[in-house]
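Participant: Residues per chain are reported as follows:
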Amino acid sequence: MAEPIIQVEDLYKSYGAVEAVRGVSFVVNEGEVFGLLGPNGAGKTSTVEILEGMRTPDRGTARVCGLDPERSGSDFKQTIGAVLQSTALPDKLKVKEALDLFASFYRDRASTEGLLKRFQLEEKRDAFYKELSGGQKQRLALAMALVNNPKVVFLDEPTAGLDPQVRREIYDIIEELRREKKTVLLTTHYIEEAERLCDRVAIVDHGKIIKTGTPRELKQSSAGTTRIEVRLARPATEAALRGLDGVSDFRTMGDVYVLYASRAPQAIVSLVKHLEADNNELQTMEMYSPSLEDVFIELTGRRLRE
Amino acid sequence: MASNPISNTWSLTKIRIRLAMRNKMFLFFSLLMPMIFLFLFATLWGKGSPEKINFILGGILTLTVMGGFWGLSVQLVSFRELGILRRFRLAPLGSGPMLASSIVANFILVVPFVFFEMLVAKYILHMASWGNIPAIFLLVMIGSATFSAFGLVVASVTNTMQETQIINQLIWMVFLFLSGATIPLAVFPGWIQRITLFSPATYLAVGLQSAATNQVVAFEILTEAAALILGLVVAFEISRRIFRWEPEAKVPARAKIWVLAALIPFLAFGAYENYSGRMLKRVSTMMSFIDRPAAGAPAKPETEQ
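Protein chains in written order, with my numbering: chain Y, 1 to 306; chain E, 1 to 305.
Don't read these hints as lab results, they were simulated from the structure.
Please note that a few of the clues may not be correct.
For the chain E half of the interface with chain Y, some residues (derived, Cβ under 8 Å), not all of them [to be verified]:
| id | residue |
| --- | --- |
| 1 | S7 |
| 2 | N23 |
| 3 | G83 |
Note that CB positions come from ideal geometry on N, CA and C, so glycine has one too.
Looking at chain Y on its own, in the form it has when it is part of the complex:
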């Protein structure tokens, strides 16, 4: 069985009156891709930055490769690689220079030529940082995170703000890291990213982990229901919608009525009948198969992007 390489126990972090992290605990095993999934402001970045040694927790313990990130200094930094939520480098630093510079700080150095090739930056080796596109900058940030052949890689929202094509390229790179058995701690608010890339996911909200498991386990825990989101011409009563045939759960999100259906066809038929009887009209209807988004909504009553 894989050994825990990251151990977090009862971590707290506040900024003034704002409690960003409130008693977070989890374990990441060696070779695992572990995701912290949650909306912006959930406390993901604060947690990761404590693990990177960039922030001091108010209380609780964090260990990475058996080391205390805050106190182990240089030895600790030799073992990790990281992509920050936003990476910045001097405008007139060239791609190859950036890799060579950062590699020079470490004892164990990956070949910068190899990294340029792997991250498709060979043609941009002499380009200034300011000349790179968003995707190229992010690929460079990922390459820089690997210059020291790290045991553990922290990726804080690695695809945020990137277009879908570039996002898919980054997914391929992270999948490659998984094949190489690197331990990866990834934060994201993209459901698709967590489902596709993570071996296990912790759902985070308001500074707390509210559920942990494999994506499959988490989805199964949402009772395998289909989510049906409808907008109606006139308001409907909760009791009426909740009582429809095939509907197992119900909630409202703004002007959207969300029906969780264990038997979707029956639920739709009974909804239409109910609306006809009530002289109401269906304006829009969208159906979703069970996803981590459903788990999040079930647990918090909100969407991830709200």
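Got chain Y sorted already, so can you dock chain E onto it with the hints?
Facilitator: Below, chain E alone, put in the same frame as chain Y:
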């Protein structure tokens, strides 16, 4: 095993030199500006007197050496504001190599500019002599490090670029006009001259002017060198202690008092110079030397080495 601070400093130094050479603003302020001043002052005050060109060169070299104060503080603050320092923080680097590389890079960049200015003064403006070269380079070396360290202190105590620019302007004005670098100290009333003895720039300007006009040998500028070295040590240690990697890590207003703490060595040296009158006497001798008739014999034999 910890990472090697010396090799880290050297890696950063090389990159900072490359970045500076790619920065048009840096080249303008470090190379072109002093050259404009050199020709301007030579045209206004140096005509017909090769000795005056020596004196003017002393002031121009002072401006070149002090330039690091301005450039480094602005660069460090912009690196912090843009989040560039955060990325470096992830690497096994301490604040020491980050700050020391600024100083070393600045020194390496200043030396060729100093050479160039001396060549222009000698061959285009017909300067009387090369001055005392060992004394000039001793002061250039120490001065560039000291004024870089002052820049790092300013960068460490300011929270925004705007704040940095304001503090820099205030300090720069004092360095520029109350040191002898642009306006000879001898033209000021006695009480202003006494006040200037508390400014680090005065030690550099008077030292470089004395060396450029051949009024001193390296041994005779030891007081200036000692003041600047002590200033360097204090300023570097202060900037290392209050260095911040994070853009959001703001310093309280009272921390700005550290800028004054960096000047403490110059309070002591200023008191000593006021008491001894040594430096003001040198200023006066230097003025008599450059104001004498052009055909006159040198006030002191050349001690070029």
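Participant: Indicate, hint by hint, whether the structure satisfies it.
Facilitator: Against the structure, the hints come out as follows:
Hint status for S7 of chain E: holds, given a least beta-carbon distance of 7 Å to chain Y, under 8 Å. Against a cut-off of 8 Å between C-beta atoms, the interface hint on N23 of chain E holds, since the closest Cβ of chain Y lies about 7 Å away. For G83 of chain E, the interface hint holds, since its Cβ comes within 8 Å of a Cβ in chain Y; the closest pair sits about 4 Å apart.
No hint from the list above goes unmet by this structure.
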